[in-house]
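This is what each chain is made of:
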Amino acid sequence: MNGIHDLGGMQGFGPIVREDDEPVFHAEWERHVFAVAMLALGGAGIQVDEMRHAIERMPAADYLTTTYYEHWLHACETLLLEKGVITAGELDRRVADLAKTEGV
Amino acid sequence: MSDGHSHTEPPSTPALRIKALESLLVEKGVVDAGAVDEIIDVFENRIGPRNGAKVVARAWTDPAYKARLLIDGSQAIAELGFTGMQGEDMVVLENTPKVHNVVVCTLCSCYPWPTLGLPPTWYKAAPYRSRVVIEPRKVLAEFGVHVPPDIEVRVWDSNAEIRYMVLPMRPAGTEGWDEDRLAGLVTRDSMIGVGQPKAAA
Numbered sequence: 000m001n002g003i004h005d006l007g008g009m010q011g012f013g014p015i016v017r018e019d020d021e022p023v024f025h026a027e028w029e030r031h032v033f034a035v036a037m038l039a040l041g042g043a044g045i046q047v048d049e050m051r052h053a054i055e056r057m058p059a060a061d062y063l064t065t066t067y068y069e070h071w072l073h074a075c076e077t078l079l080l081e082k083g084v085i086t087a088g089e090l091d092r093r094v095a096d097l098a099k100t101e102g103v
Numbered sequence: 000m001s002d003g004h005s006h007t008e009p010p011s012t013p014a015l016r017i018k019a020l021e022s023l024l025v026e027k028g029v030v031d032a033g034a035v036d037e038i039i040d041v042f043e044n045r046i047g048p049r050n051g052a053k054v055v056a057r058a059w060t061d062p063a064y065k066a067r068l069l070i071d072g073s074q075a076i077a078e079l080g081f082t083g084m085q086g087e088d089m090v091v092l093e094n095t096p097k098v099h100n101v102v103v104c105t106l107c108s109c110y111p112w113p114t115l116g117l118p119p120t121w122y123k124a125a126p127y128r129s130r131v132v133i134e135p136r137k138v139l140a141e142f143g144v145h146v147p148p149d150i151e152v153r154v155w156d157s158n159a160e161i162r163y164m165v166l167p168m169r170p171a172g173t174e175g176w177d178e179d180r181l182a183g184l185v186t187r188d189s190m191i192g193v194g195q196p197k198a199a200a
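In order, the protein sequence lines correspond to chains A and B. Going by numbering that gives the first Met the number 0, the first residue of the first sequence is number 0, and it counts up by one from there. Going by numbering that gives the first Met the number 0, the first residue of the second sequence is number 0, and it counts up by one from there.
Isolated chain A (complex conformation):
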């Protein structure tokens, strides 16, 4: 499917920004998004192609304004909800509970 992810040849995205001695991950949450996604692939029977497709289904504006591991997180949530592994209600409740205990 054509979509915003098909970036080859598009113009206007600005300079390529590089970081010297870049770390593998830039934050603890990125580590966990990566690992949980990898494990969810096996544990919930999610195919790599489904992950990619779930990223490609993101609304274009969201895709362009969020970071790489936010794409992964989005894909992970989307597929786990669609497959019924988790429900939106329990995820929202858990987020709200954690927000209270962690004072976010």
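Hints are supplied without guarantee of correctness; some may be wrong.
[To be verified] Straight-line distance between alpha carbons at most 30 Å, and here's what the computed DSS-like set of lysine-lysine pairs gives:
#1 B:K123 with A:K99
#2 A:K82 with B:K123
#3 A:K82 with B:K27
No lab work stands behind these hints, which were simulated from the structure alone.
Starting from the known structure of chain A, fit chain B onto it as the hints suggest.
Quick look at chain B alone, frame taken from chain A:
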């Protein structure tokens, strides 16, 4: 973030959401908490461009290995013990005095994990993915690689299955060097094609 969620609440941070998701998945037995730490350790500390550098150094010193590497990349790389996800269908692209190769994944972030580790942020971001296929020489120049007009530039766009790695040219002045010493010259960027190996000191 996902459809079906309330849009009246302020957005929660990714840090909070992944913590919530992980805790739910651990409770449900979908994800093993110990395995999370193990995966993080593997990708953060145990695989990375040092693996690919060993492959390159072997190819520079062993012509028979190089021939195998260019015919069946996955098999030859597995000889050195580097296997796994995102390395199942490896194609190794040889730079020559006439051809310079560079790798991209315009659609996402395909990258040869077993030999190079996880890709740098710029490789996954819109500017590199969009531009390197339409103005590769300009992009390469920004990386400090000035390819003369008489040398062909080939841009390889990764897809769902194939993962590419560049075999850079062996630097001059390294005659007689052993593999370990040679591997020290091989940079991550030289195996993506946006850099050259370090010069012999």
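- Query: Straight-line Cα separation of K123 of chain B and K99 of chain A no greater than 30 Å?
  - Reply: Since the Cα atoms of K123 of chain B and K99 of chain A sit roughly 34 Å apart, the hinted pair is violated (cutoff 30 Å).
- Between K82 of chain A and K123 of chain B, does the CA-CA distance stay at or below 30 Å? OK: K82 of chain A and K123 of chain B at ~27 Å, within 30 Å.
- Message: Tell me if the straight-line CA distance from K82 of chain A to K27 of chain B falls inside 30 Å.
- Response: Holds - the C-alpha atoms of K27 of chain B and K82 of chain A are around 14 Å apart, at most 30 Å.
The earlier numbered hint that this structure contradicts is number 1, and it is the only one.
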